[in-house]
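Residue numbers (this note's numbering), protein chains in the order written: chain A, 15 to 326; chain B, 1227 to 1913; chain C, 54 to 388; chain D, 11 to 322; chain E, -5 to 323.
Certain hints may be false.
The list that follows gives simulated cross-link-like pairs (lysine to any residue, SDA-like), each with its CA atoms no further than 20 Å apart [claimed, not checked]:
#1 A:268 / B:1685
#2 B:1907 / D:17
#3 B:1910 / E:13
#4 B:1513 / D:133
#5 E:58 / E:124
#6 E:13 / A:318
#7 E:124 / E:144
#8 E:75 / D:17
#9 D:237 / E:55
#10 C:83 / D:17
#11 B:1907 / D:284
#12 E:261 / C:107
#13 A:47 / E:3
#14 A:209 / C:107
#15 E:73 / E:144
#16 B:1734 / B:1800
#17 D:237 / D:136
#18 B:1614 / B:1628
#19 B:1853 / B:1496
#20 E:261 / C:151
#21 A:232 / C:307
#22 E:261 / C:130
Just so you know, these hints were derived from the structure itself, not from any lab.
Below are the chains, spelled out letter by letter.
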Amino acid sequence: MNMEPGLQNPTMETSQEQPARSLWSDALHRLKKNRLAVFSFFIILIYLIVAVLCGAGLLATNYDEQSYKIDEKGNISLNSYSPPSFKNPLGTDIQGRDVLSRVLQGSWISLRVALTMSAIYIFIAVLLGAFAGYFGGFIDDIIQWLYQTLASIPGLLMLIALTFVLGKGLTNVAVALGLVGWVGLCRLMRAEYLKHKARDYVLAAKAQGAGPFRIMFKHIFPNTFHIVIISFSLGFVHAIMGEVVLTFVGLGAKAHEPSWGRIISEARAELAREPAVWWPLLSATVAMFIVCLAFNILGDALRDSLDPKLKE
Amino acid sequence: MRKEFPSLVAVFLLCICGCAGMANPYASEEGLVVLHYSIGQDPKGFDPVRASDTLSSGLIGQIYEPLYQYAYLKRPYTIEPCLADGMPEISEDKCLYIIRIKKGVFFQDDPCFVATNGKGRELTAEDFIYSFKRLADTKNDPEGYWIFQGYIKGIDEFYEASQSESPTDYSKEIEGLKALDRYTLRIELNKPYPRLLWVLTMPYTAAVPHEAVEYYGEEVLNHPVGTGPFRLARWDHWHRIILERNPTFREEFYPSEGTAEDREQGLLRDAGKRLPLADRVVLTIIKQEQPAWLYFLSGYLDVSGIPKDNWNTAMSSLTTLSPQMEAKRITLWRERSFSVYYVAFNMNDSLIGMKHPEVCKREIEEKRKSAEEAREKGDSKEAERLDKEADELEKELPYLPQKNEKRRKLRQAMSLAYNRPQRIEIFANGRAEPAQGPIPPGFNGYDPNFKNPYSEYDIERAKLLLAEAGYPEGIGEDGKRLELSFETTGASTTVLQSADFFRQEMRKIGIVINIVQNTWTEFQEKLRTNRAQTYALGWIADYPDPENFLQLFYGPNKSPNPNNANYENPEYDRLYEEMAALSDFDPQEAKRKYELCRKMEHIVTEDCPWIFGLTYWSYTLNHCWLKNYKPHPFAYNTYKYHSVDPELRLRLSQEWNRPTMFPAYIILGVILSLAGLFFYKLKKQSE
Amino acid sequence: MNFLEEKDALCKKEEPLLEVVNLKTYFPIKSGVFRRTVGYLKAVDDVSFTIAAGETLGLVGESGCGKSTTARSILRLVEPTDGKIFFKGTDVRALKESQLRSLRRHMQIIFQDPYSSLNPRMTVASIVGEGLRIHEKLPWREIRERIAFLLDEVGLSPHHINRYPHEFSGGQRQRIGIARALALNPSLLICDEPVSALDVSIRAQIINLLTDLKERHNFAYLFISHDLSVVEHIADRVAVMYLGKIVEIASSTELYNHPSHPYTVSLLDAIPLPDPKRRRNVTPLKGQVPTLAHLPSGCRFHPRCERKRPICETHQPPLTEVSPSHSVLCHSPIS
Amino acid sequence: MSAYIIRRLLYLVPTVLGVCLITFLLFNVVTTGEAIAKQRLGQHATQEQIESYLKTHGYDKPLLIRFFINLKDLLTFNFGRSEVTHQKITTMLWNGMWPSLSLMVPAFFFTLFVAISIALFTALYRNTFLDRSTVVLCIIGMSVPFLAYIILGQYILGYKLKYFPVTGYEWGLGVFKFLILPGLIYTAASLGSDVRFYRTVVLDEINQDYVRTARAKGLSPNTILFKHILKNAMIPIITRVVVALPFLYMGSLLLEDFYGIPGLGAMALNAIDGNDFAVIKAITFIGAILYVLANLAGDILYALVDPRVEFK
Amino acid sequence: MEVLLCVSDLATYFETEGKTVCAVDGVSFEIKRGETLGLVGESGCGKSVTALSIIRLIPTPPGKIVRGSVLFDGEDLLKLKESAMRRIRGNKISIIFQEPMTSLNPVFRVGHQIAEAAVLHRKISWNEAKELTVEMLARVEIPAPKERYYDYPHQMSGGMKQRAIIAMALICNPSLLIADEPTTALDVTIGAQILRLLRDLQSQLKMAILFITHDLGVVAEMAHRVAVMYAGKIVETADTLTLFERPLHPYTRALLASVPHLGKKTKRLFVIPGEVPDPLRFPSGCRFHPRCSSASDICRSRLPELRQYEDSHYVSCFNISSEAKEIPR
């Protein structure tokens, strides 16, 4: 009955040549089963494509063109606030510009804001979180102090102060959002690093002679990466919503930029017109709502499929 | 498990409250005559020296009183005594004014009158001297100092001195201000000041008791102590201001003279009654136009303008109210507003500006002179710098006329591309006209026959001029497209939309406009420091004298003074100086003044430092229960004439505000059934 | 690496592979407003033992007695407070961080938990090959060959090289852990409860594997376990730890046949035997294990000891040798 | 316990200093003394005036000394006067605090109550259609932009159905009718994320071992839910509440602006409009201090709810 | 002795992601009054699920008891209403779980949690319940029981907590105690204390115990009878002595052989090849056949029944006769 090591190959008979499945592909597999999440993913994909096309000047190029109408007497006037029609499926705005094109262009702006913001805050959060969690001690104290202090300053006021330093405009708002928004993720990353630092596999890596940076970024980081992904997908929602509020407050999109925040901010007075001009508000809100919903659903699904706690 | 029930009951009760007209924002007012007005901002305070905006002025004017006031009903606008006892005695050279002050006028009771235990003190001539000195005290940030600057003898010295004194010495005499006795004020001027009487109606010059300033210090802006018809009862910042009848207000009566038209409109019904007519004025601060408009429609406000987005609700044509408004028996006041809306170019700018050779020469001289002075002082570096600058200007000088010409063409082109009719249509619902020059229609000195050659929308001509200016199709000699920055005055929707529209207009002739978004404060700072390239602003007349508009182009008035375009033309300045000394009341002088106005108008429209944009009509609506309302563009103390019929207001506003209940019942039903499910499950589980 | 190889040459045959002398690892206890250190958690307190090349030393004790800390202190995965650790004559505590890394290829560790000891986001190849990649600058192909060989050695198919840990069962994971430890050809393997998390049937597989490997490569083992029967099976010598101290150390047969410390006796008694006929009727050890933060005075075992004498409450017992290679930390060892 | 509290209090020191430092840096980088002086003195100020202003307000001193002066001012709540309205900032804060609190406190706790009730509701109906649709509704609710809630709420409930006043405020008891609409909007807007959070908390607790023990004891699900689970769930609930509490004083910027509530939020917006740095600084500082204090209160509350904390 | 609990053909399945896990698949056994039945098996074999199914604490969904009956005192527990079942839990049948660290509610005092059960089932006041609790704490040999009543769980050591949980389980004098690996998480010496305590309590209270463990030593020590589980099925039941003396099922025999035996040092341990099967993919036929050295074709295709081999010794294997006599040791 004794078996020599090296001869046995227990119970794996079924999966001899089956391709390896990392937790990632496993997660993807599970994600694929969540039909709502897949649908959301495609919606996001469509948004991204539209955004990039708009950004490249291939789609909705007429977003800044005024249009005119001719009344019975032959007077030419601006096609201001024309309701949805065949020509303008989502109507026109005060200057007779096509709302649909403007809303589509809005996705490009949102994408820019979200990407800039995410890039900045993820970089800061991961770096500081990793250092604080892994090294602990004095470094941890300093980083904790930094984010506790930042967290205690009301976010919007902090943003405002930052935009005064950086200047107004979308890019700066995105940068400011990034500079303010890292605290939450940093806290999570720190906790994760603390947790993983104590795991045996880290000790094993140490015992193998791996240095601290190798451990931090080659060994531990992939285990915390799902948090980054979830945070990234929810961060998109945050950025999109943040742009609206900041634009309303007057710090975000400029007067001529067709961002969703700009359109919604203007909608307040338009809605109260007689007859009500509801189409810009509705279009921008629905556009925003769908992409936020998709990101929220996807973020949720990602959380479910990536969280190792649920996996076990 | 019964704990949750009270909250459900509470929700239900709330809905019942909804039925009972919860939308009415006011508490009950037991038969008092209360005026309900709204303002769009929290006022800056109740200190007359800072009454620089119409909003603050309109409130300060109800509490503090100046020497003179506008007659409420009379048109054209005439002045009558307010605290003064009769019109002033003016000397031959028009430089000496003797003004008598009404006897028996008391300040309102206030704790600041310590000596009299809070009883108000009688007003004297010294109070005016004191108040004028306050206006010349830099420590008060006196935004109205310009009205006396250079005119009253000795006041400039006081102003200068106050900069270094701490605290300012108020015992120091001003030569031109003397109290001959308790009730006589003597004002001596450096030069004739034909607008002095207009100025003396402005709240800047109202009488402030020194006791109040001493007692309250900086807080005096929250504790006005005046002689006026009302006193400040309550000020909840950003919420509302309540003015109450001042019980010690002197005897003043509702005017009994008026035109037949006034009589027809019922404006003379209260003739001879003692003022003020209302017991209380409630000013609700509503920042947004929409809610304010809605409150007006619901009958919670007595007066309203027409927000541009609600034009169709209010009007069926430019002059007739909509049937809906007619049904509510709302009255329309349609008047010219003495204002000009313009886009200004910064004349100091190297792309679009203009520098008159004469001015340039003067600058060179000045620079050389100060370089000399610096050298004498031993500051050679400074001297060198100044010399260098002077050299550069000198090099520039020969090319100036040619450059000026090109840039003028550029400005003219932009003025031509400025689509006034379309703006009027989409931003003003048609209630404006293209402005021809600096003086708005209907105003003193306005020439109805004058036609600005650059006010017609004409893209072709604009393009032509642009090409002549060196920017064919908007492309400059260096091959780059012309880019200009446009500073906004705020971030409100209308401001931004209008800026965006400007961008579109200029795009049509190939000019790129970069919109720079500012807050009002930032914008002012940019004006002050000359950093704005182009921007849109408006000017509202302070008093009915064309000088008020024409001074905006007077060289010495350059930034930080009101000539924010920094326009300077020696010829214009000479004409202005002559015009400013002329009075409207003397027919001879008035004629000359009119001629001068024409010349000046011609110069500015040709030089085009502004795109003269629009002049507005002002539309005001008031409810049928508001009595004696007649808009006045210059008067700030009109609340005392207004009155209402409270019962009518109550009855009508209740009638107009009935909520639709069925959606509430649906929502309530859903909530209740969910709560039911919750308790059902709990009960089932415990079994 | 060089200094170790030099040492290797100098290393005499009779010199033990690992010598631990008076090892102490304390963790500060912080308390109060300013979080001052008010005391120490003496996880390892004055522990000395040696392991000869090719020998297996079993380290037995209940949870929290400092077994794992001892193991980690030897590798300096936890910084020891005091004492000396000689590995092939090199003072491990005197090494710098960089030198330490190269030392570690000679000492490897196998962990208890087969789940947390493998990085779930790395393939078997990168887990096993990590040490090779750090220490040996070999081309990837050669590393792969080594990995395949190692997997074969521990009884896994080389096909598994690109799989991830979560695709394996507990026993297989433990095999991966062993392969990782073997990768650098160490001379000492520290096994920190390698089988206690495994099922009974798998446990036997792993124990046999470890025994086989030892025979083949002549490793020395420091085998840590709370299970005396497993230790008996695998160890040449056994040390029993109680509250940070080694209370008894002897050769395996000696210890199991003639336990001298009352604690060892109770520990042996407490083990349920899979033999209903030999159902014991000894009274189990009384009381709770004191926490390391509140150590009893004198002999640490005295509150639970049935043979305690007054001296036990006041004085630390000396390490007495009851027979050659059998030492006991007790005032009155059972003879 | 007292040592615990004292230690927590001492932890405040670095955070408060940090807040002072960051506000100081922000507002000294943002605006130079000269800019403030120009704003304060108006357009017509001369250079001498500006210099004397700088002198009297201490801007001529070196940065470090200014920091300490600033620190002293902040810690003694000496904020000076607003640069725009010339009002005393402490009075402004005091006056603005009550409207903000009167709006936010009831709205917040009402939301909390509703959210926890719904969370318990979904826990009762977990894994059923009702539960899943609640989650979906939550995600939908989270995806609607806040500004859309406000605009539509005001338009429909205020303008069209006339249930509530569209805007306004009242000192005294009569205020309640003004607060219902913004309060409801706040509730509607924050319900989604709140319910989702509390649902996760409750479900996490339901899966704990002690619940199984309690069931094995024969306790009824109601007792387990309302006694055992709720008390445990209080710990994460307190965390969330405590972090949110200090922001109540600021009100919701947008809500106050739209509904004409003269609170600190509206004040902050006006200050932003007017570049009123003194006011922004004061609000920022007070916000940070409150955040820090609320965290302290939270830590003490933990200690009360969770017996384990004391001994950590 | 009278049969207290009779489990027959109990099957509990779990549905996860569309797959069915047959955690317990047709388990039958009985426990007499006052008797201890040891249920042995490796992890994942369905021991704990069996225990939870008996008192119906299977989390539903995803778990579901699909068939079988659990007769307790002649009453089928699976047919009871939930409220009636609640009256039995903690009262007539109690359960002790493996993890003493997490099984107590961290925010309530230990005494309160114990007394809660007494208040609930015995309809007594809190004061009476408190007295009873203190008495019970003393009985489970917790020193200073009056003071410990007010402790929170985190203030107790693992052994103490397990004692407190035992006190909670026993406060209503249950006739059946299910002990689900009560000593696994504890140290050897503490585990020995708990085992002894359980034995003592059983003799005092005359209750039956269903003792679940993976440790053959513990079973040998505690149980009167033993049932061996493998992959959701019982493969062998017998008196303890019989089972250890004459194990019949290849799995039982291999299991016994693979445990290192104190005092019986061998060169190599006996090894059962392969891995414990994944409950998602149980092998066809006899579930042990892939690891069984004597597996024949019939083992691969058919599921063996549990058959009586000798008096009270049941085995489910096709090949007993041939290998019954020799035990590989």
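Q. Are the Cα positions of residue 58 of chain E and residue 124 of chain E separated by 20 Å at most?
A. violated (37 Å)
Q) Are residue 1910 of chain B and residue 13 of chain E close enough, with their CA atoms no more than 20 Å apart? A) violated (31 Å)
(Q) residue 73 of chain E and residue 144 of chain E were given as a pair; does the straight-line alpha-carbon distance stay at or below 20 Å? (A) Distance of about 39 Å is beyond 20 Å: violated.
Q) Going straight from one Cα to the other, do residue 124 of chain E and residue 144 of chain E come out at no more than 20 Å? A) Given pair residue 124 of chain E, residue 144 of chain E holds - Cα atoms ~10 Å apart, limit 20 Å.
Q) residue 261 of chain E and residue 151 of chain C: Cα distance at most 20 Å? A) The hint is violated at about 41 Å.
Q | Hint consistency between residue 268 of chain A and residue 1685 of chain B [alpha-carbon to alpha-carbon, up to 20 Å] | A | violated (27 Å)
Q) Is it true that the CA of residue 1513 of chain B sits at most 20 Å from the CA of residue 133 of chain D? A) violated (44 Å)
**Q.** residue 1614 of chain B paired with residue 1628 of chain B [C-alpha distance capped at 20 Å]
**A.** Distance ~23 Å between residue 1614 of chain B and residue 1628 of chain B Cα, so the pair is violated.
(Q) Does residue 130 of chain C sit within 20 Å of residue 261 of chain E, going by the straight-line distance between their CA atoms? (A) violated (33 Å)
Q. Is the straight-line distance between the alpha-carbon of residue 232 of chain A and that of residue 307 of chain C 20 Å or less?
A. violated (47 Å)
Q) Is the Cα-Cα distance between residue 237 of chain D and residue 55 of chain E 20 Å or less? A) Measuring from Cα to Cα gives roughly 23 Å; hence the hint is violated.
Q. Does the alpha-carbon distance linking residue 75 of chain E and residue 17 of chain D stay inside the 20 Å limit?
A. This hinted pair is violated, its Cα atoms lying about 53 Å apart.
Violated hints, in rising order: 1, 2, 3, 4, 5, 8, 9, 11, 13, 14, 15, 16, 18, 20, 21 and 22; the structure is consistent with all others.
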